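Residue numbers (my numbering), protein chains in the order written: chain A, 1 to 349; chain B, 1 to 502.
No lab work stands behind these hints: they were computed from the structure.
Because the structure is a prediction, the values reported are computed rather than measured.
Treat each hint with caution, since some may be false.
Just some of the chain A residues that point at chain B, by a computed CB distance under 7 angstroms [to be verified]:
1) 145
2) 147
3) 212
4) 217
5) 224
6) 225
7) 227
8) 228
9) 231
10) 232
11) 233
12) 237
We treat Cβ as the ideally placed atom computed from N, Cα and C, and that holds for glycine.
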Amino acid sequence: MTRLKRNLFALLQPIIAVIIGLLAGAIAIVLLGDSVIDTYAEMWNGAFGSFYFLTNTLTRATPIILTGLGVALAFRAGFFNMGSTGQMVLGGLAAAITALYLPGPGWMVLVVSLVVGMAIGGLWSLFAGYMDAKFGINLLISTLLLNYIASLFAGYMVAFPLKDQSGSAAMAQTPMIDKSIWLPKLFSGMSLHAGFILAIVAAIALYIFIQKSVSGYEIRMLGNNPFFAAYGGVKRGRMMVVAMLTSGALAGLAGAGEVLGTQHRYLDGALASADYGWSGIMATLLASSNPLGTAVAGILLAALQTGAMGVERNTNVPLEVASVIQAVLTLFVSARFGYAFLKRRKEKK
Amino acid sequence: MTLLLEMKNITKKYGDFTANHNINFDVRKGEIHALVGENGAGKTTLMRMLYGMEEPTSGSIMINGKEVHFHDPSEAIRQGIGMVHQHFMLFPSFTLAENIVIGGEPKRSGLFDRKAAADKVNELGQMYGMPVDPWRKAGDCPLGVQQRTEILKVLYQGADVIILDEPTGVLTPSEVKELLQSIKRLAAQGKSFILITHKLHEVMEAADRITVLRDGVITGHMESNTTDEEKISRLMVGRDLIPMSRVANEPGASVMHVQNVTLAGAKGAKPLLDNVTLTVRQGEIVGIAGISGNGQSELLQVISGLVQPDSGIVELNGKDVTGDSVRAIREQGMAHIPEDRYMWGASREATVLDNGLMGHQHQYKKGGLIQSHKLRKVVSGWVERFAIKTGSLDTQAQFLSGGNLQKLIAAREFAQNKPFLIAAEPTRGVDVGAMETIHGELLAKCKTGDGILLVSSELTEILKLSDRVLVMYEGAIAGELSAAEATEEQISLLMAGGKRQL
C-alpha cells in the first residue's frame, strides 16, 4: 500500500466504523418500534442540520480531538495513557485560576492561561511516567487512578477555597472569568470558539511530528518494538518524557479550551462527566492512532452525541440509542484487530 | 522401491506471478528426498500444496497411485502426510505428551487419559528411537527436544511422508547430528521424508535424492551419490559461486577491547559472563563459536551498551565506553548486526524505509525532520546491491521473507561504515547467494582495516571467515585458536566443555 492510500484508509476507517454503528442502532430503533429514517434524519439535523448545530458539534468535538491526539501520541510510543480525563481537569482548573488571578492585558492572560493549562496537564501525565520509570508502577493503572485524584482535588478546590461567593446558587464553581480573557468565538452568536482551530492545527502538527520528524520516528519505533529501538540507540526515558508530557499537555489544552472558550469558569464535574477524555480515547482507537484520522473520528463521535440530543428532543427514541451505537463502535474497534490479523494472513499467501 | 507419492505437472499462479511451474516431484517409500533452493524459489509453495494449505492451479497429486485433492491440512494428515514447520507449533505450557496427542487424545469414559497418553508417547519414542520425557512441559525443553516432539506428533498422527521445513535452523551442531541420524533410522523403518533446506552439507549427509528448484522451476534432479555441494549450489544460484579466498591481513591497533567483564546471573546461578577478556584489532575477524546460550548474547549486549556489566571495562577505539548509552557507543564507532532479527533487528510493522533508518536517524536529520528524499535514495541502493526482494520501500517488514529482512539489516549496518562491526549470526536463514554477498562484504570491510567480531552457531562460517576463533563455554572464553590451526573437531571439543587451553 502506498503512503497516500494508507492515510486515506486511516481517514476512511472511522467513517466505516460509524456506518456499522448506525446499522446496529437501526436495529435497536426498529425494536423500539420507531422509524429508522425519521430518527436518523433527526440525528443528522441535530448534528449538522443547520449552521448552529454544525458549530455546536464542532465545539463538542474540540476537547475530544485534543484529548484524542494526546492519547494517540502516547499510544504510538507504546505508553497507555488512560489519564486524559484527569489531565484535562487539572489543565482546566489551572487555566481558570490563572485567568482569574493573573493581572495583565486580556490577550496575554489568555495565552498564559492556555500555556499553564498545558503545563499542568503535561506534568500530571509525566508524574505517571515518572512512577513507571522509578518504581515500575504500571502506566495503565497509575494514569487511570490519577484521574480520580485530579477530579476530586479539583472538586474540593472549587467547593471550598475557590468557590464563587457572588451568586446565590450554591454551585461548586469558580467565579466567572473576565470577558477579555475568553477564547474568541469564531462566529458571533455561535458556541464555536478558537479552540477548534487550535485542535485542527494540533492534529496537523502532530501528524507531521510523528511521520516526518526524527523524534517522531523514534517514538514510533519505540512503540512498535522497544528492543529494536534500544538496539538503535533510542533512549526510552527521554522518549517517555517527550511522549507523556506532550500527551498530557494536549489533554490540558483541551481542559483549558473548555474553560476559556465554553464555560468561562471551572465548574465541578463539567469536564469529567461529559466523558470527553473517554471519547478522545475512542477516537484514537477508531483511527489507529493516526492524528488526522483522530480529528475526523472526534468530529464523528461529537456528531453522534449532539445528534442523539436532537433525536431525544424531537422523537420518542431515548438518548440511549446513541449509547448503543457507541457500544457497537467499541466492539468494532476490538474487532478491527481481528480483521487486521485476517488481512495479514491473506497478504502473506 | 515403490512410489508413494507423486506430484505431476504442478503449476501454481498468484495473479500474474508463477510460483511453481510444471513441477514433477515424487517420493518413494523409505527415502529421504531433499528439496533445495534459495529463498523464494518455490519450495514452500510446493509443500503447502502437498499439505493442503494451498490448491494447485493445475496438475495433480497422487498417493499410492490414486489421485487426491486436499482442501485443508486435516485431509492431508488423513492421507498420511505430516509437516514439521520451521517455527515449532507447540504449546509451551503443555506437557510433551499433551502436545503430541493433541487432536487425537486417548480417552477413558469420555475424559482425557493423561496416563495413556504418556504411555503411548513412551511407546512411540521407543519404537522410533526418539525418546522424550512425556511429562515435561514443552516450554522447558531445549529446541532439539521440541523438534523431536514435533516429529513424534506427526508420527502419532500416522504420517508416512513427513515434510521437514528447514529443520536445522535453530539447532546446535550436536542436535543437528542427532536429528539427521534419527530421520535416517526412521527412513530405514519405512518412513519417507521430504527435507527442505538450503544447508547443502546436511543434504549430502542425509538425502537419498535431491531436487533443486530455482525461480519456480526444477533445475536439477539427482541421486545424492552422483553429485556434490558445488554442483547443487550452481543449480540453485544459476551461476558459479566465486570461491572466496581470504588473505590474512596484518592486524593493526585494537579497535575493541573487553577487559575482565563479568555479569552476574540469577541468584545462586553461574555468572552469565565470567571474567571475559578479548580484543578485536584493525583488519581482523575474530570468530566466537559456542553452543547458543553460553554467554554470547550477553557479551554482545554488554559491548553494544544494552546491558551494563557488573565489573570490567569495554573500550572502543581506545576510549572507555563502559556505561555509555547505546547511541554514544554507536557514534564512537560501532555497527551491529544483531543475532535475532525480529527481536532486536527490526520492527515488523514498520516499513522497509523506517527499518533502514534505525541507527542512521541522526545522520539524516535536518531541522529535526527526516531527510526522506535522501534516505529513499540510499535505501534503494541497498535494495539493489543486496538484491532484497520487497514490494517497495513502503512495504512493511513483516511481508519480507526472513532472508530478505536479514539482508536489509546487514546492508543497514554495513552502511554505518564504522571501524568496528558486531556480526551476530549474519547469515542465519539466508540463501546461498545472499550468504555469498554478506560474506564478501564482511571480508571487504575487514580488508579496509576495520575490525569485526563474528558470532555464529555455524562452525563452517566461523572457520571460513575468522582470523582467530574464540570458543565460549558457560560464560567464559574456553579457548582461543588461530585460523590456521582451528579444526572443527578442536572447536567442537571446546564447545562441549572440553579442557581449556589458553
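Okay, the hints, checked on the actual structure:
1. A distance limit of 7 angstroms between C-beta atoms decides the matter here; for residue 145 (chain A) the minimum to chain B is near 30 angstroms, and the interface restraint is violated.
2. With 7 angstroms as the threshold, the beta carbon of residue 147 (chain A) stays out of range of chain B, its nearest partner Cβ sitting at about 30 angstroms, so the hint is violated.
3. Taking 7 angstroms as the C-beta contact cut-off toward chain B, the hint placing residue 212 (chain A) at the interface holds, the least distance being around 5 angstroms.
4. About 6 angstroms separates the beta-carbon of residue 217 (chain A) from the nearest beta-carbon of chain B, less than 7 angstroms, and the hint is met.
5. A cut of 7 angstroms between beta carbons decides the hint on residue 224 (chain A): the least distance to chain B is about 4 angstroms, and the hint holds.
6. Because the beta carbon of residue 225 (chain A) sits about 4 angstroms from the nearest beta carbon in chain B, less than 7 angstroms, this interface hint is met.
7. Below 7 angstroms, beta-carbon pairs count as interface contacts, and residue 227 (chain A) has one with chain B at about 5 angstroms; its hint therefore holds.
8. A hinted interface residue such as residue 228 (chain A) counts as satisfied when its beta carbon comes closer than 7 angstroms to some beta carbon of chain B; here the least separation is about 5 angstroms, so the hint holds.
9. Hint status for residue 231 (chain A) relative to chain B: holds, with the closest Cβ pair at about 5 angstroms, below 7 angstroms.
10. The closest approach between the C-beta of residue 232 (chain A) and any C-beta of chain B is roughly 4 angstroms, which is under the 7 angstroms cut-off, so the hint is satisfied.
11. Hint status for residue 233 (chain A) relative to chain B: holds, with the closest Cβ pair at about 3 angstroms, below 7 angstroms.
12. Of the supplied interface hints, the one on residue 237 (chain A) is violated, with its beta-carbon coming no nearer than about 10 angstroms to a beta-carbon of chain B, more than 7 angstroms.
This entry does not satisfy hints 1, 2 and 12, going by the numbered hints stated previously.
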